[in-house]
Structures are given as structure tokens and as C-alpha cells.
Amino acid sequence: MTGVPLSWYLILSALLFALGVAGFLFRRNIITVFMSIELMLNAVNLSFVAFSYQLKQVNGHIFTFFVMVVAAAEAAVGLAIILTVFKNRETLNVDEVNSLKN
Amino acid sequence: MAAASVASALLAVTRKNPVHSMLWVLTLFLHVAGIFLLLGAEFLAAVQVIVYAGAILIFYIFVVMLLDLPDEEARPRFGKHWPLAAAVGLCFAALAWLVRAGTGVAPAATRLAAEGPPRGGLSAIGMALFGPFALPFEMASLLLLAAIVGAVVLARRRAAGP
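Taken in order, these protein sequences are the chains called A and B.
The letter at position 98 of the first sequence is residue 98 when you use this note's numbering, and the numbering goes up by one with no holes.
To convert, take the position in the second sequence, counting from 1, and add 102; that gives this note's numbering.
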């Protein structure tokens, strides 16, 4: 990173995070909503790594590693839930999955 | 690379077909891995490619193909309250811009980066991970085990049930 200031990375991270939030709120397909969550996690990872580079510490990398672990676990459980919901409700539209019964 | 990642994120959020949007997210992940590489985080770049692009995205694509999607494509892809969502997204972007414009953090930060070799090699991460971060590491493995068991239980219950 010769000459590229930290704030650029942070702006990129904020943009990606904003896109993730927008996708999370926009989309009605539950799989795409999940992918927006992954996008937000990735944006946060990016800012972690940028700060870690800036401050010459390895802690940000460790945190990013753990965020990736949590993202993998979340994807596994979340997609299993999606499969179950689809088998029960025959839909992936989050507007129609509005009941906790049955 | 940053512009490409933002463009692919935008496309990923707006594509109608979930498979298309997933492939755009894949390009986004690869670009973020490239940025990690530029930032001196080789190990994280490799993990990003292997775990995110290799495992998680393939998992998503499997689920999309397991489910029936043609009838989903015919539905409206955005909800009714999309102006609210657009407002929230714009608020985040405006916040980022304000923070960048309001604080002069960039020049000082650049000076700070000019000294010393960058950290983030494999050995540094390994030493930190098994030194002061050993307990969180074990907790992460426990979390993964719980996720595996939970996913299997959730996916099996319908197959074995009525």
C-alpha cells in the first residue's frame, strides 16, 4: 500500500457495507438476503485488514479469521434453515414466511 | 480493483436471477481477496479464496439448485418498502463521505504506514493464533462443530419426519 491512504479502504468498506445493507433490505429472496449478509461481513473484514495493516498489528487478521469462521457456520445453519423453510412453505419470499406456527 | 468490487457488489444486489447474483458475489470475493493481498495479508487472501469463494459460494449454489427457482424469478424482486432501503443505503454512503470529509485522518495515517515492514505473514498469524488467541481459536472450533451438528439436524428432520 504505497501511497494509498487508509481512508480509501475505509470508504470502499463502507460502500460495500452500504450495498450489503441495501441488498438485505431490498431483496425478497431469502438466499439473496443471506448473501447480502456475507457481503456486509466481507466489508467489515476489509476494514479490519486495512486497520491491521495500518497499525502494524496482527490482531485484525485474527479477527477477520474468526469472522470467516462465524460466516461459514452461519451459512451452514442458515442454508439448512432455508431448505427446511422451503420444504415446509414452498416459497423463498421473505414476505410470505410470516408465521412461526406450522 | 476497488471499482470492480463495488460494481460487482452493485450487480449482485440488483440481478434478478439468484445464480447470476451469486456469481457476481463470487467476483466480489475474489476482488476483496486481491485487496487483502495488496494489504499484505497473504494468509487471509488464501483463506478468502478457499473458504468464501470455494466453500461458501458453492454451498449457496448447491442450495439454489436444490430448490425450485423458476417460479421465484417471476415474482417482484424488490419489496414494497424499497425507498426506505435505498434511503438507508444512501445514509451509509453519506456517512462514509462525511467521515472522510470531516476528519483529516488520511495524511497522518499515511505517514504511519511508511515505517516498518508489514505484518500479516503466515508465521505471524500462526504465532498469534496459538499464543494469545488460543482460547478463541478453540471456541471457534467448538462453534464450527455446533454448526455442523445443527445443519445436519435441521436438514435431516424433514427427511426422516412425516
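Please keep in mind that the hints were generated in silico from the structure rather than gathered at the bench.
No experiment lies behind these values; they were computed from the predicted model shown.
Glycine residues also receive a C-beta, built at the ideal position from the N, C-alpha and C atoms.
One or more hints might be untrue.
[As the list claims (entries may be wrong)] Partner residues aside, some chain B positions facing chain A, computed with beta carbon under 7 Å: (1) V127; (2) G228; (3) G252.
[What the hints assert, rightly or not] Covered stretches of chain B, as calculated for chain A (at least 3 residues, CB under 8 Å): (4) 150-160; (5) 235-243.
(message) Does the closest beta carbon of chain A sit nearer than 7 Å to the beta carbon of G228 (chain B)?
(response) violated (10 Å)
(request) Closer than 8 Å, Cβ to Cβ, for at least three residues: run that test on the region 235-243 of chain B against chain A and report holds or violated. (result) Our answer is that it holds, as 3 residues pass the Cβ test (under 8 Å) against chain A, meeting three.
(request) Using Cβ atoms only, decide whether V127 (chain B) comes closer than 7 Å to chain A, and label the hint accordingly. (result) OK, holds: V127 (chain B) within 7 Å of chain A, min 5 Å.
(request) Apply the coverage criterion to the region 150-160 of chain B and chain A: a residue qualifies when its Cβ sits closer than 8 Å to a Cβ of the chain, and three qualifying residues are needed. (result) It holds, with 5 qualifying residues against the three required.
(request) Under 7 Å, Cβ to Cβ, is where G252 (chain B) needs to be relative to chain A, so tell me if that hint holds or is violated. (result) With a closest approach of 5 Å, the G252 (chain B) hint holds.
Hint 2 alone, counting from the list given before, is not met by this structure.
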